[in-house]
Each structure stands twice: as C-alpha cells, then as structure tokens.
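Student: Join these two chains into a complex; the hints should help.
One line per chain: the protein sequences are A and B, in this order. Numbering-wise (my numbering), the first sequence opens with residue 83 and increments by one. Numbering-wise (my numbering), the second sequence opens with residue 19 and increments by one.
No lab work stands behind these hints, which were simulated from the structure alone. This one's a predicted model, so the numbers in the text were calculated from it and none came from an experiment. Check before you lean on any hint, since a few could be wrong.
[Unchecked claim] With a straight-line Cα cutoff of 20 Å, these simulated SDA-like cross-link-like pairs (lysine to any residue) come out:
id : chain 1 : residue 1 : chain 2 : residue 2
1  : B       : Lys67     : A       : Leu94
2  : B       : Lys209    : A       : Gln226
3  : B       : Lys77     : A       : Val103
4  : B       : Lys77     : A       : Leu102
5  : B       : Lys209    : A       : Leu109
6  : B       : Lys77     : A       : Ala98
7  : B       : Lys209    : A       : Leu99
8  : B       : Lys77     : A       : Leu107
9  : B       : Lys67     : A       : Ala98
10 : A       : Lys171    : B       : Val31
11 : B       : Lys67     : A       : Leu109
[Unchecked claim] Some, not all, of what chain A presents toward chain B, calculated at C-beta under 10 Å:
id : residue
12 : Asn105
13 : Gly110
14 : Gln114
15 : Ile132
16 : Leu135
17 : Gly142
18 : Val148
19 : Gly153
20 : Ser158
21 : Ala159
22 : Val160
23 : Leu161
24 : Ala163
25 : Ser187
26 : Lys227
[To be verified] Just some of the chain B residues that point at chain A, by a computed CB distance under 8 Å:
id : residue
27 : Val31
28 : Val34
29 : Met38
30 : Gln39
31 : Ala42
32 : Leu43
33 : Ala65
34 : Thr68
35 : Val134
36 : Thr135
37 : Tyr140
38 : Asn144
39 : Ile145
40 : Gly204
A virtual CB, placed ideally from N, CA and C, is assigned to each residue, including glycine.
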Amino acid sequence: MNVAVKYGLRFLLFVALQALVLNQLELGFGIQFMVYPLLIVLLPFEMGTIALLVVAFLMGILIDAVSNTYGLHASSAVLIAYLRPLIFKTFAPRDGYDPLKEGNSYDMGFRWFLYTFGLLLFIHHFWFFLLEIFRFDEIPFVLQKTVMSLPFSFLLCLIIQAMIVSKPKER
Amino acid sequence: MRNLFAFFRRFRVFLVFFFMQIFALTTYFSFLQYPRAQYLTTASAVAGKTLTIRNDLTKHFNLGRSNSALQWENKWLREQLPQSFQRLQYGLVKINDTLFKQQYEYFPGTVINSTVTKRNNYFTLNIGKAQGIKRGMGVFSDKGVVGIIHNVSDHFAVVKSVLTEEINIDVMIEPIGLFGLLKWNGENHRKGSISGISNDMHIKKWSKVVTRGGSGIFPRGIMVGKIEKLRPVEGKPLWDVVVRFSENYASLQRVYVIKNLMQEEQTELESNIPPDEEE
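Pulled out of the complex, with its shape left as it was, chain B reads as follows (with noise of 0.2 Å):
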C-alpha cells in the first residue's frame, strides 16, 4: 500500500496531465461523432450568450450586403404570391388544395459564430429548441446548402457545416442527373469537391450542382455550387469533381433550418428495406 502511495506522489504531475489530456481529447473526439454533452459548446447559454453580444457589434458590418441579398429574395418570393399573377380562368373556386400538400417548413435564423480555416468549422445559430430545432435538420441560405444541425440547446443550434471532413451531403449534377456525395478536403472554403462520379460520363464544366433530397433533410433542388475543375482519380474508374460553391461561407449571415413534415414516414418505410445478406 505504501508502495503504491509513493508510486502516486511520484507520479502526480504527470498523472494530473494524463487525466486533463485524457479528458480534452474525448471531449474532442466524442463531439466530432456525437455530441452528448451541452457544456462545452457554444450552444450552451453562457458561450451563447457571449457569442450575441459579439454578433450584435459586429452583425452591421455586412449590413449592406445582405440586405440587398434579402431584397432580391424577397422580389424572387414576391413574385410568386398570387397577387403578381394575371388570372387566365374566371369562374374556378380553391376551396381545399388536394393536389399539393406542404413537406417542408423553413425556420429563419442568423448565424452569430462561424469559422471557416479549420480543418472541421462549426457554425452556431440564435435559434433552439425552444424554435422548434432539432437534431439533423437542414440549413441552407438564400444562396446555397449551408449544413446541418448537429447539437441544440434551448436558444441556439450548432450546425456542421459543408466545411468538414464528413458532411455527406447527397448531391446532384444537373442537367445529367449524376448523384455523389459532397466532400471537403480543408483547403479552401470556396471549394468542395465530390466523390463517386464515374469517369465514362461526361460532365459540363460550370454545369449547376444542387442538392438531391435523397435522404429528406433538404428538398430537391437547392443550390450547392458550380463544377470548376474535372481532375481523373489515379487508378480508379473515377472523376475528382471540384466545385465552386455558390455561397461565401466566410461572410455567411441569414440562414434557413428545414423542417421535413414527412420524415419520419420515409424514415419508416426505408427502414423496411431487408439488409442486404451478402455483405
């Protein structure tokens, strides 16, 4: 017993930095998988908090900018009201719309923490729980795909943005139709690239790359970027795709979260697919 006891007081300063390293690194590495505890991120209140009242200095900064991004989307919007339509036919009366029903609700919200230069970038939202945010909903801005939710308090949602390793996001090139997933490889925040597109086809450059809405967090059709560069993969039947986002994520500000009314009915009627025995 005494033995073990010198052992410790021999041992104690690199035993308390043992434990502190120990410690910081899951913190690290169990947020980059799943974040389960609230206290270290800047969704928490006192970080939260801090982080508005930077945002609150700094927001006006681009005020200029993004006011004239709000002002063409609302003329976009604005001309898809009813009143901005000449009515062809007299006589039809709308009583209750059978033909369309709505699958996805948009809630607004200003990104007030964002990086762009590391490796994994987080952005964090003023909106929560309390608005009705949960985990993995969509975020996109009036320009292109931002992320998704990755942890929520009850006032503010970090999102994972496009900016990281494992983003995934299931996309599209239109007008062909090829899907891949979006990647990012850390270098520039102008830049993705995706994966999985085989080489025997052949792509435009510039052609438009919008998301795919296979998995039911974005809806078909939101604008990622455009293709820049086709570089051939060494040894692989594939294409390494380069593509230009449409959005500057470095002077992100107003953001949309997506909400799928019908998620969970494609959740449960994909979860019937038998797994596949041969693998």
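The shape of chain A in the complex, shown without the other chains (with noise of 0.2 Å):
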C-alpha cells in the first residue's frame, strides 16, 4: 500500500475514533481513553520534526472541533510531537533506526515500545489534563486523573496496533 493512503488512513481512523466513539466514553474515576499518541509514533523514523508537528495540530484541531476541547487536544499533540525526536533519540538502538520499520511493538521490541510511547503517553496525560484543571490547588486530583487514564490508554493503544499494524513473518 502506497504510504501517504497508508498514514492518511490512519490518520482519520484515529480522529473519527477519538472525537466520536473514546471522547463520549465516560467511566468516572478520573478514566479517559486517549489513542492518538499512537499515531504520532507510529509515523516513519525519517519524518522531520516540522512535518511531525502539522500532523500532530491538524489531528488534535479536529478532534478538539468535535468534542468542546478548544484546542486541548491541539497542544498536548503538538508537544509530544516536539518531543518525539528527542526521545527517540534518547532510546535509539545502537546501530540506530532502521528506515524500513516502524516506531510499533513488533518491529522495535516491546521493551523498546514500553519506554518510548509510555513516556510520551504519560507526559501527554499530564499535559493534558494539567491544562484542563488549571489550578495549583487541584495537582492531586490532575495526578489522579494521569495515574488512572495512563494504563487503560496503553492498553487499548496495544490492542488497536494488534488490529492495524500487521506483524512480521517469522523467520
């Protein structure tokens, strides 16, 4: 498949899942499913960082458009892109990142995944509902709100590159 229909694809498969199914998913405990962080590491290696950054806008504008957010999904997208390079650099392997593969569990390893895109997912959390809440006062309850969305998003964001990303043939 063509990349640019490949990522295009993703991409509106993401936002439609986000800002119409995930966002109205309301389980109470502070629990808020977020999965388009996925979609920004799974974009190719060799992506420039500014590239990186309109994608990340675009995709949080639109689900922000949807769901009342006003341009909250539109920064935390927009920093984890910004921070992508550096911590993918920060957990390069040693002979660096082949072009052929792809930021996704099967292709670096599920250790590798585990660091990066847990790293990124928790800082995007944070920032997310840091800005949300936005008040000093209120920490507790913005690091609760992290501490429980943080590992349902993971999961879900495991079983969501189960069904899109198609894993290597064994050798």
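Tutor: Set out below in structure tokens:
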C-alpha cells in the first residue's frame, strides 16, 4: 500500500475513533481514553519534526472541534510531536533506526515500545489534564486522572496496534 | 540580517512548535472566558452535523426512559389545563388578563453532545439562532437546572453546564430561603456545592435547593437538587454545602431554553444602581 494512503487512513481512523467514540465514553474515576498519540509514534522514523508538528496539530484541532475542548488536544499532541525526536534519540538502538521499520512493538521490541510510547503517553496525559484543570490546589486531581487513565490508554493502544499493524513474518 | 535568518533557520522547529502551542492555548483559554470565534466548537456547522448524525444513531438507547419522563411531565401539564378544573363560579367571562403577564418563554431542544467527566463540561444543543436562542439564556430539563447558553451558531448552541468551574448560578435553600452560589469541584457529576452559606443557620439535610431567579436567567423555583451533607469550612464561619443534583447529566436528553421577556427591563433598572464608592 502506498505510504501516504496508509498514514492518511490511519489519521482518519484515529480522529474518528477519538472524537466520536472514545471522548463519549465516561467511566468515572477520572479515566479517559486517549489513543491518538499512537499515530504520532507510528509515523515514519525519517519524518522531519516540522512535518510531525503539522500532522499532530491538524489531528488535535480536528478532535477539538468535535469535542468542545477548544485546543486542549491540539496543544498536547503538538507537545509530544515536538518531544518525539528527543525521546527517540534517547532510546535509539545501537546502530540507529532502520528506515524500513516503524515504531511499533513488533518491529522495535516491546521493551523499546514500553519506554518510548509509555513516556510520551505520560507526558501527553499529564499535560492534557494539567491544562484542563489548571489550578495549583487541584494538582492531586491532575495526578489521579493521569495515573488512572494511563494504563487504560496504553492497553487500548496495544489492542489497536495489534489490529492496524501487520505482524512481520517469522524467519 | 544574515544572522537573523540564521537564527530562524536554527530554531525553526522550536518556533513552529511555539506558535502552534500559543495558538492552541489562546483558543483554549479564550474560549473558557468568552467565545469569540465560531470555527473550533461543536456549534460550527460541520461538527454540528457530525454530532447530529451520531445522536440520531444513539438517541434511541434512552428512548424508554425519556419517554416516561415526558409522559410524567405531560401528566403534570395536563393537570394545569382549564379542562381539568371544575368550574365553581359561573357568570365570569375572561376578557383580557391584566393580572398576569407572560415573563418566560421556553424553547424545547435536544442535547446532541455532552461530557460529564471533564473539568469543564459543555453540552451541544440542536437549536440555535434560527430558533431564537441567544447567549446568556438559561437551560433546564424536566428534572433540574442544566446551565447557561455559552455560544450560538445558526442551528446549534453550546451550553456551559452546571458541571463547570465558574457557573455561579444563584440558588436558594427551601424553605428557609437562604441563598448562595452553585459551584462544582470537578469530581462527581452527581454532586455540586453551594458557597456563601453562613454556619449560624440551621439547615436540614435533604432540604430542597431551587434557583433563586435573581439574575433573570432562570425563573424562581427551578429544581437544582437536595442537600446531602454539611461540612464546616476550616477557618471561616461558613458551611460547605454538598448538593445532590436532581438531574443525572450523564443521561440528559430533552432540555428547555428559557427566554426572559422582561430581561432588558430588569438589566436597565439594575444598571441605575450607583457603584459602591467605598471600594
């Protein structure tokens, strides 16, 4: 499949899933599913930071427009898109990234995926809830929401990844 | 000049990032204060259409419950009709009612998008300017108060719900008539609180909380909830009053928007009050 078509479809899938389904699920206890950071991690390794920022910004704005959050998702998405190159550099394999692979748990190994994606997801959730609440005396509430949502989002991302990324064949 | 270009080239990634953040955060924080632009909210046409389609798919899930709620309201309204009263005095002819003048009009609407777990929750309604909705009108449902219209487009409206930080609706505790401001702390969508109730008053648990109708947005006596708990505030002579909302906002469907026909008169009169000199 053409690369542009592939990522375009994924983009639409993530926006629709987040805006129309997940933002409507309200489980209480501060749990909120946010899966679109996965798309930013799955974008090709050689993609420039500015292109990343543009994709993240568009996605965030589209999600915001349908869920009355007015720029919260855009801000969080742009933040992790900006931090992605730094975090990828920190956890880079010894001989650099293979441009034929992408940042999923099959190509790069589960440990790499846990560290990079987990860290990005944590930054994303923390920033999101911090801005959403935006009061210093409610910092424990911010942390509660972050800690409660993080494992749920991560697990859901693993499931979605298993559905959209094809497993490499065993050699 | 060359240095300037070199600077831009060097920090271009950061600059792009910076401007995007500034844009996103300005829209976010300006919307919390005052809705200036229309293009990024659910009141905009495209998002509104998407949500209408989604609501068409999901609205039937609550059909049974909302039907029985409507039926109860119909029953109550039917009881107010002239047909359901027995005439006790004959010979009286009603010509023109000079004792009562209509003050409030109601527009029915449907909630097509809502959240309850965010810090500030907004509901989208399927009615807008075309139906006569304006910013600042009150919204309530058959069970209780819902919020205030925050932003309007031609066919949709966004309601700033009771579940937001700075909603501050004037409420009154019945039957003692104490009043305070309704607040929400962001934790539980079934519970709010009232601020400004002094602790020398004896308040009964489970007494009713209704709107006071002071600002002219809501008529007097729209149900808000019941008092569940009274906690002393440390260091202040105040009660922290916990209110259990009578409406479950998570399953809210049918609402009414209130138009106060005498709002201008009240605002004009109140604007004549001279400002406080001492402060």
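Student: Any hints this thing doesn't respect? Which numbers, in order?
Tutor: 7, 11, 25, 38 and 39
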